[in-house]
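Visitor: So you can see what is in the structure, the chains are spelled out below.
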Amino acid sequence: MSTWIDIASLEDIPQRGARVVKTSRGCVAVFRTAEDEVFALNNACPHKAGPLAEGIVHGKSVTCPLHNWVISLETGTAEGEDEGSVATYPARVEDGRILLDQSFLRARAAA
Amino acid sequence: MARKLVVIGAGMATGRALEHLTEGQPDGWDITLFNAEPRGNYNRIMLSPVLSGEKTYAEIVTHDDAWYDQQGITCRFGERVARIDRAAKTVTAENGDVLAYDKLLFGTGSNPFIIPLPGHDLEGVIAYRDLEDTQRMMSLGPDNRVVVIGGGLLGLEAAAGMAARGVDVTVVHIMGHLMERQLDEAAGYLLRKALVEKGITVRCSANSKEILGQEGHVRALLLDDGTELPCDLLVMAVGIRPNTALANAAGIATGRGIHVDDQMITSDPDVLAVGECVEHDGALFGLVAPLYDQAKVAAQTLLGQDAAFVQRELSTKLKVTGCDLFSAGDFAEGEGREDIVFRDPARGVYRRLVIENNIVIGAVMYGDTADSNWFFGLIRDKTDIAEMRETLIFGPAYQGGTPPDPLAAVVALPRDAEICGCNGICKGQIEDAIAAGASDLGTVRATTKASGSCGTCTGLVEQVLAVTLGDAFVIPAAQSVCGCTELAHEDVRRMIKSQRLTSMPAVWQECGWKTSCGCHICRPALNFYLLADWPLEYRDDPQSRFINERKHANIQKDGTFSVVPRMWGGITTPDELRAIADAADKYAVPTVKVTGGQRIDLLGVRGEDLPDIWADLNAAGMVSGHAYAKGLRTVKTCVGTDHCRFGTQDSTGLGIKLEKELWGAWTPHKLKLAVSGCPRNCAEATCKDIGVVCVDSGYQISIGGAAGMDVRETELLVQVPTEEDAINVIKAVTQLYRENAKYLDRIYKWMGKVGFDWIRERISDDPDERAALVARFELSQSLYRKDPWAEHASQKAESYKPLANLSLEAAE
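Heads up: the protein sequence lines correspond to chains A and B, in order.
Residue 30 in numbering that gives the first Met the number 0 sits at position 31 of the first sequence; the count goes up by one each step and never skips.
Residue 239 in numbering that gives the first Met the number 0 sits at position 240 of the second sequence; the count goes up by one each step and never skips.
Everything labelled a hint here was simulated from the structure, so no lab data went into it.
Glycine included, every Cβ here is placed at the ideal spot set by N, Cα and C.
Accuracy of the hints is not assured; some may be wrong.
[To be verified] Chain A is faced by these chain B residues, among others (derived, beta-carbon under 8 Å): (1) 184; (2) 514; (3) 515.
[Stated by the list, open to error] Straight line, CA to CA, 20 Å or less: simulated SDA-like cross-link-like pairs of lysine to any residue: (4) A:47 / A:79; (5) A:47 / B:163; (6) B:795 / A:11; (7) A:47 / B:605; (8) B:513 / A:79; (9) B:496 / B:422; (10) B:800 / A:98; (11) B:795 / A:9; (12) B:800 / A:25; (13) B:54 / B:163; (14) B:102 / B:1; (15) B:629 / A:98; (16) B:556 / A:43; (17) A:21 / B:803; (18) A:21 / B:608; (19) B:513 / B:410; (20) B:513 / A:43.
[Unchecked claim] Computed beta-carbon distance windows for the label pairs: (21) B:384 / A:74: 19 to 29 Å; (22) A:86 / B:430: 15 to 25 Å; (23) B:141 / A:94: 21 to 31 Å; (24) A:2 / B:587: 31 to 41 Å; (25) A:83 / B:755: 40 to 50 Å; (26) B:771 / A:74: 50 to 60 Å; (27) A:83 / B:587: 25 to 35 Å; (28) A:10 / B:373: 31 to 41 Å.
Let the hints inform the model, and build the full structure from the sequences given.
Guide: Encoded structure:
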């Protein structure tokens with residue numbers, strides 16, 4: 000069962016930007032696109048664990064700041080020649096608030 | 000016997016409901032119609048054409064006195080209903096008349112929202128809602144100035160209507176682009192461009208602070224950046240709120256609007272409501288199509304027929320002549336969605352479709368909306384578009400049609416667009432030269448001089464050749480900026496200058512970008528080009544910057560950052576060193592290193608500690624060293640005449656002065672300087688981007704050194720007699736580099752492309768050009784010569800912290 004928890008206002012993340020949410024097992028990067036969609040991914044590039052939240056967001060992708068791997072925000076998989084993927088978590092916006100699914104975050108802690 | 004129906008409000012929804020009702024049961028109802036406005040039903044959405052003079056009021060009246068008479072409707076126009084007694088089933092008019100009803104229909108509409116700014120109650124502050132407001136605006140002419148707050152549908156229609164009457168109109172919009180609820184950035188850019196061409200001034204991202212008055216009448220709008228916009232009339236068009244006061248007072252259930260069910264019945268079974276005053280299933284309604292649906296359902300309900308109101312997909316068109324735009328469905332939010340973008344810069348056309356599971360769910364179109372109904376049909380009917388996906392964007396006529404033309408951006412340029420900035424050669428002159436027989440780059444260069452100087456416009460000249468000669472000319476392959484465009488960096492820079500492109504959406508549109516918002520390769524380059532060319536118009540976009548420049552620190556392999564405070568000319572003090580040591584202790588900095596640029600690097604600072612460590616360093620008088628920037632890094636110095644027995648000039652002093660003049664400036668790549676006090680060159684000035692070697696007779700300035708992957712010695716540009724001359728030459732070279740180089744080219748690479756002589760002619764041979772370059776550099780520096788650390792520590796500290804911390808919650 001999904002239990003949505005209120006994280007923050009959508010306005011707390013700039014468009015084409017990201018912020019991190021700390022969990023007991025490391026950080027989740029929460030992205031906001033130019034179209035005000037939100038996505039939540041593990042904040043570690045599959046390549047060398049670069050902090051994806053610090054990358055440049057374009058379309059529905061983010062470019063890792065360390066070595067320019069491009070990661071799909073929707074699937075968490077690397078685009079182009081690179082191979083690898085990061086975990087994604089359900090996220091949505093309701094009435095201008097960002098919601099994350101706590102059960103998924105917990106499953107992550109248990110994994 | 001006829002049943003008694005009282006209708007409150009003669010708007011578009013109740014008007015339509017009365018039509019359906021009187022058609023269905025011509026003699027079944029004894030109807031009384033109240034209206035607060037002293038007139039009957041007119042087509043409110045056509046007020047904009049009345050304002051612009053394209054229609055008259057008489058033309059937009061939907062029901063005249065004869066019609067009400069014919070239907071036997073008792074009209075009480077200019078009268079309000081004072082109260083409702085639902086137990087007795089009566090309404091009481093303002094004059095005390097009590098009328099019984101069997102059924103009551105609310106159509107009280109909405110009230111314009113007035114922002115409670117100081118001064119909002121001044122005379123001359125109006126909304127845009129009814130005929131009175133419209134007439135007020137129609138009374139203005141070329142001698143008047145008006146400010147419209149609100150860049151949505153209504154505000155823009157008001158602005159365009161008044162502009163058509165010659166009024167000087169300024170639109171103030173709080174968001175970054177116009178009509179942000181219906182349009183994306185690119186379409187917003189095209190709309191803004193069209194409105195500006197109509198003479199309307201548009202100010203986006205503008206916050207209103209106060210309405211200023213004089214003798215009780217509005218005088219100007221004050222923005223929070225201190226700008227005053229003088230006006231005779233101020234129109235607020237920022238939104239509407241359902242008018243629920245009367246329903247509330249009568250004890251009918253309301254939320255944001257009057258609650259209704261699918262039959263348009265309120266919480267009282269004998270009371271119905273339609274139009275902008277209702278809330279149905281959580282939604283409010285401002286567009287006309289659903290209001291007409293509601294009217295029909297309400298009439299059917301009164302007639303005892305089964306009917307249910309269903310919310311439908313909506314589309315928006317703006318009623319401004321010459322601004323052809325269309326928006327429908329959902330072009331935001333949700334996963335698994337895909338964009339198809341088409342731009343035709345020649346015709347000013349932009350189309351974007353949002354696809355999900357092979358179904359079109361949203362569309363934004365600008366410039367050519369002829370196919371909008373077809374696309375709206377695809378959205379409404381949820382048509383599977385898998386078969387026509389490749390050509391879908393071109394519309395119904397082009398199924399199987401032609402792919403977009405990579406030369407479209409150049410085709411679109413007018414004849415007077417400047418292609419070669421060095422020699423002032425326009426597209427038309429090149430076309431003429433081609434018509435006169437020039438068939439390759441060399442001949443065009445020889446006859447027009449285009450691309451004959453710095454050569455950066457070569458790509459564009461070749462494209463003009465290709466467009467004019469067709470297949471007879473084959474363009475040598477040039478490296479495009481990235482996959483988002485066919486154009487090379489040099490072409491894009493030329494377009495930005497010659498077409499006065501001052502925003503990123505403008506570049507994307509006019510250069511035919513193939514993606515909706517660029518990528519990590521083109522965005523940082525465009526951000527630099529725009530701020531270098533238009534320092535006043537363009538606002539730096541942090542989201543288009545690499546993390547180091549966004550967070551003003553260097554990211555390290557483990558995600559921590561390094562912090563390098565500036566040491567002007569390499570000079571520090573015991574107090575500064577103590578403050579650095581204290582900061583290193585306080586933030587548990589694992590590594591403290593002396594850099595090659597004569598300063599101290601604190602490595603391993605956590606991202607969330609950055610604002611705090613900066614605040615501490617600021618308190619000790621230190622500022623950002625920009626060690627992370629494609630901009631001025633350091634000016635390395637030797638000790639010069641102060642201490643050295645060989646020194647010829649005060650090299651340290653000049654280094655400090657240069658650093659104070661140049662710091663904060665953004666450049667295509669990093670910029671390192673050095674000043675040596677004598678030809679022994681202890682500051683290693685001759686392998687820097689710009690180096691100064693002091694001699695007895697003055698200052699030798701040389702450029703284009705490198706000591707990285709490439710190692711190069713600088714070339715002597717000029718020798719000047721005074722410090723002031725040296726500073727001006729260096730500012731001029733820096734500005735020439737900022738204005739012309741490709742992003743991520745160091746000076747030596749740029750020099751290799753444009754030629755050392757081209758640079759020298761402009762700096763040392765032409766004093767006027769040098770002065771103009773210095774003036775443009777100073778203009779830009781008036782905005783950028785400041786400490787980003789202080790700004791971020793005081794204003795943006797929160798954005799460095801985690802959005803939330805869930806690590807403290809117990810994990811089950």
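Visitor: Starting from the hint list further up, note which numbers the structure goes against and sort them upward.
Guide: Violated hints: 5, 15, 20, 22, 23; rest satisfied.
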